[in-house]
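Undergrad: Sequence:
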Amino acid sequence: MTKLYECIKNKKVNNSHAREAIFTVLKKADQCLSVSDITQGLQENYPKTVSLNTIYRHLTLFAECALVTVIQDDFKKSYYTLTKDTAHVFTLCPKCHTITTVENTEHLEKLLVTLENTEYITIHRKCQNCQ
426 MTKLYECIKN
436 KKVNNSHARE
446 AIFTVLKKAD
456 QCLSVSDITQ
466 GLQENYPKTV
476 SLNTIYRHLT
486 LFAECALVTV
496 IQDDFKKSYY
506 TLTKDTAHVF
516 TLCPKCHTIT
526 TVENTEHLEK
536 LLVTLENTEY
546 ITIHRKCQNC
556 Q
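According to this note's numbering, the sequence shown is numbered sequentially starting from 426.
Each hint should be verified, as a subset may be incorrect.
[Stated by the list, open to error] With a cut-off of at most 20 Å between alpha-carbon atoms, the simulated EDC-like pairs for lysine to aspartate or glutamate come out as follows: (1) K509 x E431; (2) K502 x D462; (3) K509 x E541; (4) K428 x D455; (5) K453 x D510; (6) K428 x E489; (7) K452 x E469; (8) K502 x D455.
I should point out that these hints are in silico values taken from the structure, not numbers from a laboratory.
Working from the sequences, and respecting the hints, build out all of it.
TA: Shown next, in the form of structure tokens:
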């Protein structure tokens, strides 16, 4: 949450409960979330209705502050995940469009060191369910 508050301060915007709730939904997620996933998470954990416009506006702010990584599938549908200190590596299934995060291994760490300043890498391959 510290990074969120730094972003709010640097962008000189007011803090809002909806912004914190969206950030919390992303923080609790163990996978990339679409806007509909975020909306569902808000409905389960936040007492007020948050409009799609508000969600997109806050996600744009998070992206501007490098708080989230935005992944797009082949149909330009966006998925969001909190940015980590090291680059994310994702797999995107071209058949079912499932996005999964690849756990960093020693070999992957070596690759990421050579690709410094890389935010993320997306590998397009069929998932286990579609093979």
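Undergrad: Are the hints correct? Go through all of them and say.
TA: To see whether the hints hold, each was checked on the structure:
Under the criterion of a C-alpha separation no larger than 20 Å, the hint pairing K509 with E431 is consistent with the structure, at around 16 Å. Restraint check for K502 and D462: satisfied, since their Cα atoms lie roughly 12 Å apart, inside the 20 Å limit. The straight-line distance between the Cα atoms of K509 and E541 is roughly 14 Å, inside the 20 Å bound, and the hint therefore holds. With a C-alpha separation of about 19 Å, the suggested pair K428 and D455 falls inside the 20 Å cut-off, and the hint holds.
This hinted pair checks out: K453 and D510 have alpha carbons roughly 17 Å apart, not beyond 20 Å. Taken as a hint, the K428 and E489 pair is honoured in the structure, with Cα atoms around 12 Å apart against an allowance of 20 Å. A C-alpha spacing of about 15 Å is found between K452 and E469, which places the hinted pair at or below 20 Å, so the restraint holds. Restraint check for K502 and D455: the C-alpha separation of about 19 Å stays at or below 20 Å, so the hint holds.
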